[in-house]
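**Q** Line by line, the protein sequences are chains A and B. Per our numbering, numbering through the first sequence is continuous, rising by one, with the last residue being 114. Per our numbering, numbering through the second sequence is continuous, rising by one, with the last residue being 179.
Note that these hints are calculated values from the structure, not bench results. Note that the coordinates shown come from a computational prediction; the quantities given were computed from them, not determined experimentally. Quick reminder that beta carbons are idealized off the backbone N, C-alpha and C, glycines included. One or more hints might be untrue.
[To be verified] So the derived list for chain B, only partly shown, Cβ under 8 Å to chain A, looks like this:
hint, residue
1, 105
2, 136
3, 167
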Amino acid sequence: QKEVEQDPGPLSVPEGAIVSLNCTYSNSAFQYFMWYRQYSRKGPELLMYTYSSGNKEDGRFTAQVDKSSKYISLFIRDSQPSDSATYLCAPVETSGSRLTFGEGTQLTVNP
Amino acid sequence: GAVVSQHPSWVICKSGTSVKIECRSLDFQATTMFWYRQFPKQSLMLMATSNEGSKATYEQGVEKDKFLINHASLTLSTLTVTSAHPEDSSFYICSARDRGQGVSPLHFGNGTRLTVT
């Protein structure tokens, strides 16, 4: 079983839609959770970074963590064509510094 | 925000030659930098952890003699692909964490696309 599972998609939505991106993980040592966005042929850029269970909002983006079920989500409201990218979840352990990436979900927002 | 600069952004080389990729943290110091490899439509795979002033730690299956890593300062790490072959063609990405921020997010460079002919 992979430590981090993420549906690779592809996911295609119309502009303005609410997008839900999800990951599950199996390692209980994961305590910090990051979401990265990666455009084609570019390095990943950090979107959200959260520690505790619950929601964290930043503009149109909301990160949600449920440690009891080992489930993390990223919601995008009012999606825009510029949101078209691959989204990677990346949990990290408290004691170490390595990130474990999910497969990434490829998102396309159609105008 | 924290910026990681990676150079070159792309390189084409002939089989058997060596290629060096540089990774710099521009506005912060990084005790540790990470080198990833990404094949098309796949996620990032960690190759090695580069530690300033000491030897790199390689992931299982990564040949340390082929992928030489040097982390000579708190702002620079280099990855040298030695005797490159076509199967080494890939997207190589470095990342770094601000040494002053404990468990903090990694900041990534924009990657280097290596093509070996």
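**Q** Now tell me, hint by hint, if it's right for this structure.
**A** Verification of the hints:
no., hint, in the structure
1, 105, "holds (5 Å)"
2, 136, "violated (15 Å)"
3, 167, "holds (5 Å)"
Taken one by one, the earlier hints fail for this structure only at number 2.
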